[in-house]
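Order-wise, the sequence lines are chains A and B.
Per this note's numbering: the first sequence = residues 196 to 437.
Per this note's numbering: the second sequence = residues 196 to 437.
Mixed in with the good hints, there may be bad ones.
Pairs count within a copy or across copies, as identical chains cannot be separated in the list.
[As the list claims (entries may be wrong)] Mimicking DMTMM-like on lysine to aspartate or glutamate, the simulated pairs with C-alpha atoms at most 20 angstroms apart in a straight line are:
#	residue 1	residue 2
1	Lys417	Glu315
2	Lys236	Glu332
3	Lys393	Asp434
4	Lys296	Asp237
5	Lys417	Asp434
6	Lys393	Asp407
7	Lys236	Asp363
8	Lys393	Glu332
9	Lys205	Asp305
No lab work stands behind these hints, which were simulated from the structure alone.
All values reported here derive from a predicted model rather than from experimental measurement.
2 protein chains.
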Amino acid sequence: MTYCLGILLKDGLVLAADSRTNAGVDQIALVSKLNIFDSQKDRLICLMSAGNLATTQSVAALLDQALGTGEPNDMYAADTMFDIARIVGDTLRAEIAREAKYVEPFGSPDGSFIVAGQIEGGQHRLFQIYSAGNFIEATRDTPFLQIGETKYGKPILDRIINQDVDLDSACKCAILSMDATIRSNLSVAPPIHLLRYKSGNLSTYNHRRIADDDAYFLSIRKAYAQGLRRLFNRLPNPDWGK
Amino acid sequence: MTYCLGILLKDGLVLAADSRTNAGVDQIALVSKLNIFDSQKDRLICLMSAGNLATTQSVAALLDQALGTGEPNDMYAADTMFDIARIVGDTLRAEIAREAKYVEPFGSPDGSFIVAGQIEGGQHRLFQIYSAGNFIEATRDTPFLQIGETKYGKPILDRIINQDVDLDSACKCAILSMDATIRSNLSVAPPIHLLRYKSGNLSTYNHRRIADDDAYFLSIRKAYAQGLRRLFNRLPNPDWGK
């Protein structure tokens, strides 16, 4: 399984992805689910993926091969982030159409993506691409999108995130959302890839790979766990009336 | 959807269930998912259910009709909680076998149960019955079982619950687990039914129906939300190194 999270803020974007992939009971591997396309000065494009690893890796490789070719699926030739979301969706659709009949006897070929980034002259934007190739976009009222094992990490996001949250607080919240998921589900695991993008910076951004022995990760995990326990203990018990 | 939670403690049992049921887009109703069988002095038997409401209500009704009859599915004639779990599983299995071919064209007939209680001379016990009729039992190392919309409410349980937690703290934690689920998922809603059972008390227990305007529920929701936000704000931001 996988957990990937994208947050759209007024100030920019925060992305987080875990690194656990498992294909059957005996294959557990670490693969980064975050692909960053940053070699052009006029744009930053990030993909995160969940689902069938063969499908999503093929899509990322096909998109990588097309860069700079001027072909219809060249993300460096696209004018808008919407057009890039459409390229990712179309590539995913074509890949699944090509593979489905061979893969389905063994399992689902489905995959999904989060696409985030900015092209000079446009807004920073965030999309979620479904396995069918269609997609939705994050908005002011729906400022975060998740794929993979999404539910464990949603409550903390629902409590904290809105579009006006600053980038560093959103990074902190993304880590806590990952931590909740990692604690509750064995199939999601560090290293966590965390990306912080300030709108307008285009090819410049912060990226951090957070391993399970990362000092900041350990300290925030511990402080949050202890703080939550103290908070819990201070809350009143229910009163049974009689 | 539904969310039901059972917690097995050294001191007793805590059960919580929401009341939202929806069958299709235009039917949303409130139904308690907690059935309490308490008319015998030597035992307390509680059922909570999730899944197809027609299936689970029929199972509960069949079990209710059989009480005191001495038939094989008479829960008042059973010697152990294990035997009661088996009765519930067998009844569920028979009900699904009876209904499946008529119901499946419209949706899944599946359902699941949490069975909890104590019979004089035995321990208090907690079981989860799958739709196939087989079941698992809570243990010292797995002290809580959930059915329905389980994931949003699991992180807080993972942090707080172990077998040595006292009954009132477990009630508090059950309410916070429900609250997290209600905040993140529209298909789970109050009133919450909360049951607190101290081992050895048999037919005596505390039961509370917590509506969304319940003063305790509102106060604990608010105090937890505010405390969590304060805790979040005090945690350090990630350091990007350069």
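So, going through the hints one by one against the coordinates:
1. Lys417 with Glu315: neither (40 angstroms within a copy, 43 angstroms between copies)
2. Lys236 with Glu332: Cα proximity of Lys236 and Glu332: none, with 24 angstroms in one copy and 59 angstroms across.
3. Lys393 with Asp434: Answer is between: at 15 angstroms across copies they meet the 20 angstroms cutoff, but 48 angstroms inside does not.
4. Lys296 with Asp237: Result: close neither inside a copy nor across copies, 40 angstroms intra and 59 angstroms inter.
5. Lys417 with Asp434: between (31 angstroms within a copy, 17 angstroms between copies)
6. Lys393 with Asp407: neither (26 angstroms within a copy, 40 angstroms between copies)
7. Lys236 with Asp363: neither (24 angstroms within a copy, 59 angstroms between copies)
8. Lys393 with Glu332: within (19 angstroms within a copy, 50 angstroms between copies)
9. Lys205 with Asp305: For Lys205 and Asp305, the Cα distance exceeds 20 angstroms both inside one copy (32 angstroms) and across copies (44 angstroms).
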